[in-house]
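Participant: Use the sequences and the hints to build the structure in full.
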Amino acid sequence: MTALLDVKGLHAAYGETKVLHGLDFAVQQGGVTALLGANGAGKTTTLRAICGMVRTQGAIVLGGKHIEGMATEDIVRLGVAHVPDGRGTFMELTVEENMRLGAYTRPAREATADFDRMFGYFPRLKERFRQQAGTLSGGEQQMLAISRALLLRPKLLLLDEPSFGLAPLIVKEIFGIMRRIKDEEGVSILLVEQNATIALAFADHAYLLETGRIVISGPASDISKDESIRRSYLGY
Amino acid sequence: MRASWLIAILVLIAAIWPVATFSGYHLFQLTMVVVYAIAILGLAILTGINGQISLGHGAFYAIGAYTTAILMASWDVPYWVTLPVSAVVCAGVGFLVGLPALRLGGLYLALTTFALAVAIPQVLKHKAFETWTGGVQGLVIDKPEAPFDLPLTSDQWLYLFSLFVGVIMYALAVNLTQGRIGRAMRAVRDHAVAAEAMGINLAMLKTRTFAVSAMYTGVAGSLGAIAVAFVAPDSFSVFLSITFFVGLVAGGAASIGGTIIGAIFIEFVPNLADKVSKAAPGAVYGVILIVMMFLMPKGAGGFVADMWRKLVKAGGR
Amino acid sequence: MEGFIHQVISGIATGGIYASVALALVMIYQATHHVNFAQGEMATFSTYITLTLINIGLPYWVAFLGAVAISFVIGVAIERLLMRPVANAPVLTSVGVFVGLLLIVNSVTGWMFDYTIKQFPSPFSGKPMLGGFLSGHELGSTGVTLAVLISVYLFFKHTRLGLAMRAAAFNPVSSRLVGVRVGWMLALGWGLAAAIGSVAGCMVAPIVFLDPNMMSGILLYAFAGALLGGIDSPLGAVLGGFMVGVIENLGGAYVVGTELKLTLALIIIISVLTLKPSGLMGRKVYSRV
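Residue numbers (the numbering used here), protein chains in the order written: chain A, -1 to 234; chain B, 1082 to 1398; chain C, 89 to 377.
Hints should not be assumed to be uniformly reliable.
Derived pair list, reagent style SDA-like, types lysine to any residue, alpha-carbon separation capped at 20 angstroms [what the hints assert, rightly or not]:
| hint | chain 1 | residue 1 | chain 2 | residue 2 |
| --- | --- | --- | --- | --- |
| 1 | C | Lys349 | B | Gln1203 |
| 2 | B | Lys1359 | C | Lys349 |
| 3 | B | Lys1206 | C | Ala341 |
By construction, these hints were calculated from the structure, which means they are not laboratory data.
Facilitator: Shown next as structure tokens:
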């Protein structure tokens, strides 16, 4: 396997406050990589850094191309889809308009065909198609956010805490569908999660972040088996 | 203690030197500087200290001016008695105008006051008030003579009188803004929510500040009317309000001393620019505004704070 | 009764002009949370451009469309050069820049086209129409403004670009994440607002005559309309604009007289802010802290 995303020595800061202190990590082609860690460890910032939403130093290479310092819009157009924390729903627009925006960078005809595939994954979006997105439940908004990201036809999907604020049953449902999506869409995934159990079950490689540094990395299965890591870092 | 002596000496120089050396017209210009300074001081209390924006203080200036003119022309009230009256009138109007807009964000106040400034000449021209306001023609009033047989010309006396009023107004402003109320005003400007949590009644404080601010500019209007000895609706167009706003920004919104610089600016720059073309004063004002905003995107206060931070940082190394 | 109907209809005719300026204001407000105090001045400048194009011999509609295009470009340029740097600045800064822009555009207009009052042609006949209720110009200009408003609606509702512009206004962060170039969307919004202003200027100039301060009163009515309808609701702003036109005409005819029409706008503004600050169709307004 080759690395789709290769990050070396990534630093990031909000104004004067440094959040990331030299991260090295990679996402393999067709793989799922998880970034784990407590609140404030810098997981969300890492995703934002990849998308050019914060000031960064260090190298971010996507499929052999340096993307650090590029504008968010241009990074997105290279095939990086980001499901942000809080889901980034366009509350005032309809579900349909949200989905059209997901496919904004692609020809309209192609997009409409893709809508049906999204309905295949998330039938509920079809029922809610004409509804204002702000009226959707949290789980439905998460589904919408994932569809919006997939409609970009991305190479790399960045998922920021898809389980946040959702009932366990719905989390299970969404991750079940994510497995299908990974296989059928052929997309590589970088997943940020606080819920380590579910993330490690989904990912094949994982990194553990603590206050802006990577403290442990390895295959997801190894990490989930390691008693001491689980006790000291993942807290279950 | 030393600073207050310095100010006293400066005021004394400001009183004696122009009276001794300046000719009538230049003295009149200085009188207008004092008048504008008071008007801008009103805005500075509002915008600089309390963080609210008015684009309509020309209206309060107009109301002050008309109060004085009407009292003098219709009822022969002595000119100096009209000042407290117009102070009360303008504070009242300011309170009423401020009340609805202040509950909302700064932009709404800017909008409402802008509307007030655009509408005021029409009101002043209106037939219903013509017996008092003189309609489109306006009112001519008598220039006051120096009292007690002082050996001063009317212009000299007027300058000294304005300066006297100005000193009082500035002293009051310094007192107000450096005391407890001033702290509350600044707290509201910087952290409205926190200030409210500390027990400051936001709407009341903001509305009262607006009233005080309108009062200052109204008194300036009264003095201006006495100095010019004439009021007419078209001298109080929206451009006057914008002029005050420019004076405020040029002097630095949050500084009381800066209001004098702003006043000098709006008294002399248009005169100079007017010689170039009729369009020049507006263009100069516009450019000044935008340049100031670009150099100090956080406002004058933020500019000073940034500079301070840089200094501290440089010193720390 | 006939007089009353006449006042209402001609109020709708002027209301259309307020509605389009109000729409231009709201478009920029929605996207940036700034109010463009220079909107009226920019529209006046555009009207002068039309007059200049007519004077060099172009047919009216060519000149009209030419001015709309030029105004669009000017609007885009202003956003790129002047507004971009202060996009996230506090209210005082943005008000300062907008007032500065107002002064500069006003001066440039006066300097380029002088301050004398000029006549401006109407492409429509001056004959009374609709049984004498409206002049040909009033009818024609109402048609033009309605056409503009409807096309703007269709553009925003049914085109990809329009959707992207709305998205950029509502949620710039998410918009970037789907590849929308938010900066350009704002610039386009400015261009569109300037173009709409240009149309409004050309429609009003034959009635009020053209001088550099032509739009300052109209801007006030547009403010009133935008507030009445809800400053963050484009549809509300349009309806508010029409309502202000009717209120202004009826009030002018039956209540306050024509000399106090501007004061009527002030009263509308203050009443809306006091009684229903969010306007008729807007969302609730929270002051930002």
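Participant: State for each hint whether it applies.
Facilitator: Hints versus structure:
1. C:Lys349 <-> B:Gln1203: holds (8 angstroms)
2. B:Lys1359 <-> C:Lys349: Measuring from Cα to Cα gives roughly 29 angstroms; hence the hint is violated.
3. B:Lys1206 <-> C:Ala341: Holds - the C-alpha atoms of Ala341 (chain C) and Lys1206 (chain B) are around 18 angstroms apart, at most 20 angstroms.
Violated hint: 2 only; the structure is consistent with all others.
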